[in-house]
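If you read the sequences in order, they're chains A and B.
Just so you know, we're using the working numbering here: the first sequence kicks off at 1 and counts up by one.
Just so you know, we're using the working numbering here: the second sequence kicks off at 1001 and counts up by one.
It is worth saying that the hints were derived from the structure and are not from the lab.
Check each hint, because a few of them may be wrong.
Stated by the list, open to error - Covered by chain A, according to a simulated footprint, are these stretches of chain B (three or more residues, beta-carbon under 8 angstroms):
#1 1026-1034
#2 1121-1133
#3 1171-1183
Computed from a prediction, not measured in an experiment: that's the story for all the values here.
By construction, the Cβ of each residue, glycine as well, lies at the ideal position given by its N, Cα and C atoms.
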Amino acid sequence: MSAVMEQRTPSMLSAAAGDASAFSQLIEPLLDPAFRLAAVMLADRAAAEDALQEASIKAWRKLRQLRGDERALRSWFLSIVANECRMARRQRWWSVVKLADPPRQEADAGDQYGGSTGDVRRALLRLKPDDRLPLVLHFYLDLPLDEVARTLGVSEAAAKSRIYRAAHRLRPELTVEEVF
Amino acid sequence: MNREDFRRELRDGFESIAGPPEAGLAGRVHAALVEAPERRGPVWIAGLAAVLIAALAVGALFIAGPLRQQNPPVPGLTETPSPLPTSDVSNLPAITCNNLSSVDTTGHIGQPIAYVNGVRTATHAGYDRITIQFSNGLPGDIQIATQGSATFTQGASGRQVVLQGSAGLLVTMTGADENTKYTGSTDFKTSYPVMVEAQQVQNFEGVVQWGIGLSHSACYRAFVLQGPDRLVIDFANT
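Make a model of the complete structure from these sequences and hints.
This is the structure we're talking about:
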């Protein structure tokens, strides 16, 4: 047995051996943050449930590829969910209608908002999904920077840069110190 | 704006978009995992296995005679369903283009009346799925008929009901009851590629019927599984 496998708990080993119930229990605490991530990425709660369901099946099938123990599971699972959301957005033409974001108005000029929750919501939805993702992970799901980095598959410095860049799109006046 | 204000604003904004998941989400994911065909390992192994199984099946059918019939085959259609009365989810039947089929429930029928206790829908890569789950064994007879519209006739009232979609499939389960154990929805509207709606159209005198609205005529497979007993119908969505 490899060193990677030796770090795993019995429930992870059962899940990796094909026990669907064991895997279901393993990811149950992650379904809430994963759903919130998908719902924000797709701006559609029903589509988010579908994406999460599909991502869960894919994760189960790929569990043997997970490097690390249960502590690594969250970022690994969230990265699969995020990827599934990307696929859902581009899968079919009707997705464009169904998952349409509010029209981007002068996107390059910034997506600043006025301050009310409605303004914030609209500004967040106007962000490109790839800009929205690091903000969701860090500010909504409260993932620490190293975990954001693992979920995005980038270095910690790159993750910090992406968070700041997206935050800056919303609030150009923000300094790095005001974001982190 | 300070750091905490910014964080709070973002959190509120995201919460207004997403919010908490529905209470049944964990159950839905669990059911999907239990029913998902287990496809592990490199894809080429699964592909090779499928080709070998198909070759063996065709060879067996040829030797046994069914493929030696005099009638010319109709391209794209198979005349018989591919029932699989087994709980082995790793060996599901192929999706075929049937016009009418009965699902083989041999060896699964328990009591005179099977109680429907769950109906679920899901979409997966390659297929949309409806699962009808039973307690007290499977119904004595399950018939499936395709149709060129999504209009169905309600069993007791005789009223016409028009589902979403332009084609349909009617599932008739004789020796079944949906009053006793089932409290879920009797009308599922989905945004799946093919199976766009599923609605109960009869639950009367031991016969339960579900009409399924399809976005277009689609090939499908129907089979039963055990533990728990359930009827599964998959519609090809690619």
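Given coverage of the stretch 1121-1133 of chain B by chain A, checked by CB-CB distance under 8 angstroms (3 or more): Coverage by chain A holds for the stretch 1121-1133 of chain B (4 residues, Cβ < 8 angstroms).
Coverage claim, chain A over the stretch 1026-1034 of chain B, checked by counting residues with Cβ within 8 angstroms (three needed): holds (count 7)
Coverage assertion for the stretch 1171-1183 of chain B with respect to chain A, Cβ distance below 8 angstroms, three residues required: It is violated, with 0 qualifying residues against the three required.
Checked against the numbered hints given earlier, this structure breaks only hint 3.
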